[in-house]
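With the hints as constraints, model all of the structure from the sequences given.
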Amino acid sequence: MALTLTREKAQPAIVLRSPGYWQGVLARLSRDRIAMIALIVVALLILMAILAPYLAPDDPTRGSLARRLKPLGTPGHVLGTDELGRDMLSRLIWGARLSLVMGVVPVPVAFVLGSAIGIIAGYAGGLTNSIIMRTVDVFYAFPSVLLAVALSGTLGSGLTNALVSLTVVFIPQIARVAESVTTQVHRLDYVEAARASGAGSLAIVRVHILGNVLAPIFVFSTSLISVSMILAAGLSFLGLGVRPPDAEWGLMLNTLRTAIYINPTIAALPGVMIFITSIAFNLFSDGLRNAMDVKT
Amino acid sequence: MLAYAFKRLLHVIPVAFGVSIVCFLLLHIAPGDPLAAILPADATAELQAQMRALYGLDRPLVIQYLLWLLRALHGDLGLSIATGRPVTREILGAMVNSFILAGVATLIGFSLGSLLGFLAGLYRGSWIDRLASSIAMLGVSVPHYWLGIVLVIIFSVELNWLPATGGGTDGSGGRALDWSYLRFLVLPALTMSVIPMGIIARTIRSLVAEVLAQDFVQALAAKGLMPRQILRHVIRNAAPTAISVMGLQLGYLLGGSILIETVFSWPGTGFLLNNAIFTRDLPMLQGTILILALFFVIMNVLVDIVQSAIDPRIQRN
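Listed in order, the protein sequences are those of chains A and B. Numbering of the first sequence is given in UniProt numbering, commencing with residue 1 and proceeding in unit increments. Numbering of the second sequence is given in UniProt numbering, commencing with residue 1 and proceeding in unit increments.
Everything labelled a hint here was simulated from the structure, so no lab data went into it. Source: prediction; values computed, not measured. Any given hint might turn out to be false.
FRET-style restraints, in silico, Cβ to Cβ [stated by the list, open to error]:
#1 B:L115 to A:G24: 30 to 38 Å
#2 B:T165 to A:G73: 26 to 34 Å
#3 A:V207 to B:I21: 32 to 40 Å
#4 A:G24 to B:R183: 51 to 59 Å
#5 B:R71 to A:A66: 53 to 61 Å
#6 A:L51 to B:T44: 54 to 62 Å
#7 A:L210 to B:F17: 31 to 39 Å
#8 A:I46 to B:T165: 30 to 38 Å
#9 B:H74 to A:W22: 52 to 60 Å
#10 A:A43 to B:V157: 48 to 56 Å
Each residue gets a CB set at the ideal place from its N, CA and C atoms; glycine is no exception.
Next comes the structure, spelled out in C-alpha cells:
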C-alpha cells in the first residue's frame with residue numbers, strides 16, 4: 001500500500017457487494033454526523049439556487065452608481081453592494097445557480113463518459129485497452145488547472161466552453177480509476193464462470209462488472225466535485241468562465257478585486273461561498289468513502 | 001536501477017508526443033483565423049494567401065505538425081505575436097520565477113504538512129488528530145486564489161506590511177537574496193503552500209497510521225524500544241512516499257500557477273499564460289502550455305525513478 005501513491009499505481013480496492021450492502025452504507029452514513037451536516041449544507045445551497053428568485057431581496061443585475069460599495073449592514077443591503085451598486089446578498093444567492101452548474105455538472109458527465117471509456121478498456125483488454133489508455137494518459141499528463149485553462153483559453157470564454165473544458169479534465173482521471181477496477185473484477189473467478197456458462201459480453205458487463213465497479217468509481221467522482229467547484233470558479237475568476245453581468249462567485253471575486261482598498265470585506269464575500277461549497281462537498285465525499293469502505 | 005530508469009524514460013516518449021499533438025491542435029481548435037491577430041482587417045485575399053503560405057498554414061495538417069515539432073525540438077517555438085520576441089526565451093525567463101515560487105511553496109507546504117500529518121497519525125483519534133486533520137481539510141478545500149486575496153487584504157491593505165502584487169527586487173523583475181526581493185515572495189508562496197500542505201498532511205497521516213498498525217512496530221515495542229526510536233522506523237517507512245508526493249505537488253504547482261500568479265502579478269509562466277490568453281497570443285499560449293506539460297511529465301518520471309531508488313520495497317519491473 002505504501003507503494004501505491006505515484007499516480008500511475010493508484011489502484012482503488014474493489015468492493016464485493018453483499019445483499020444489504022447499500023442499507024449498510026446508508027446506515028453508516030447517517031451515523032456520520034459530519035457527513036450529514038455537509039449533506040445538509042449542500043442541500044441548502046442547491047435549494048438556495050433553485051429558489052433564488054424568491055429568496056433574493058433585489059434584482060442581481062440592477063445597480064446604481066449612487067450606492068457603490070456600501071459596507072455590510074447598510075439598510076436595505078445587508079451584505080452591502082458591489083462595484084456597480086448591485087445588492088451583494090442577491091448576487092450571492094443568484095450566483096449559486098451558475099456556480100453550482102459550472103462546478104457540479106462536469107463531474108456527472110465525466111462520470112458517465114469516463115466510466116464507459118474505462119470499463120470498455122478494462123473489459124476488452126489487449127490492444128484496445130492499450131490504445132484507449134495511452135490516449136487517456138496523454139490528457140492525464142497535463143496538470144488539471146493547466147488543461148482547463150488551455151482548453152477554455154483557446155476555445156474562448158463562456159459557460160459552454162468552460163463546461164466542456166472541465167469535463168475533458170475529469171474524464172481521463174475517472175477513466176483510469178474505472179479501467180483499473182474493471183481489470184481487477186474482470187480477472188475474478190465468477191466472471192470466468194459466467195463466460196464459461198455462455199453469458200455474452202453485454203450480460204457479463206451489465207450483471208457482473210457494473211455492480212462491482214460503479215461504487216469505487218462513484219466515490220472517486222464525488223471527491224472530484226470540490227476540485228471542480230474551485231476550478232470552475234477559478235476559470236471565471238480568470239475571465240474564462242461566464243461573462244459579466246452574470247452573477248457567478250468566481251467572476252464576482254474577479255470584478256471586486258479592484259475594491260479591496262475601498263471595501264475589503266465585500267471583495268472577499270464571494271470566495272466565502274466557494275469555500276463553504278467546496279468544504280461541504282469534500283466532507284460529504286470523505287464520509288461517503290468511509291461508509292462505502294472504498295479506498296481510492 | 002539504471003535499466004529501470006532507462007525503461008521508465010522510454011515510456012515517456014509516446015506520452016510526450018501525445019502532449020505535443022494536443023498542444024499543436026490547440027491552435028486549430030481556437031475559433032477564428034490564426035492570422036487574424038497579425039493581419040490588418042482590410043487585407044486583400046492575395047496578401048492573406050501570401051501570409052498563409054509564409055506561415056505554412058496552406059499545407060496539410062500533418063506536415064504542419066511535423067514542421068512545428070521539428071522546430072520545437074530545436075528550441076524554436078515561434079515568435080510572440082504580442083511582443084515579437086522568441087517565445088522560448090520569454091518562457092525560460094518566466095520559468096525561473098515560477099520555479100522559485102513553486103519551489104518555496106512546496107517546501108513550506110511539505111514542512112507544515114509533514115508535521116501536521118505526523119502529529120495526526122501518531123495521536124490518531126485525539127484532539128490533536130482532529131485539529132490537524134481539520135487544518136488539512138481546510139487546506140485542500142480552500143479556493144487558493146481567494147485565500148491570496150484575503151492575505152493581500154490583511155497584510156497589504158490593512159497592515160501595510162507586504163506588497164500586494166509584483167515580483168523582483170523592489171518590483172523591478174531582478175533577483176537577489178534580500179528583503180527587497182523576498183518581501184514580494186512571502187504572500188504568494190504562503191498562499192500556494194496551502195494546497196500541498198493539505199495533501200501531504202492527509203497522505204502522511206494515513207501512511208503513519210498504516211505503518212503503526214504493522215506487526216513489526218508491535219514487535220519493536222514489545223522488544224522494549226522507546227517511542228522515539230520507533231518513530232525513526234515510522235519515518236523511514238513513510239519517507240519515500242512522502243517525497244514522491246512532494247515531487248508531484250511541485251509539478252502540479254508549476255502547471256497550475258496561473259491563478260496565484262494572476263492574483264499577485266508574479267512574473268512567471270502563469271502570468272505569461274494569462275496575458276497570452278487575453279491578447280490572443282496563440283504561439284505564446286501554445287508554447288507555454290507545451291513546456292509546462294512536458295515539465296510535469298518529466299517530473300512524474302523523475303519522482304518514479306527517485307522513489308524506486310530510495311525505496312527497496314518497489315519492484316523494478
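Give me the numbers of the hints this structure contradicts, sorted from smallest to largest. 10
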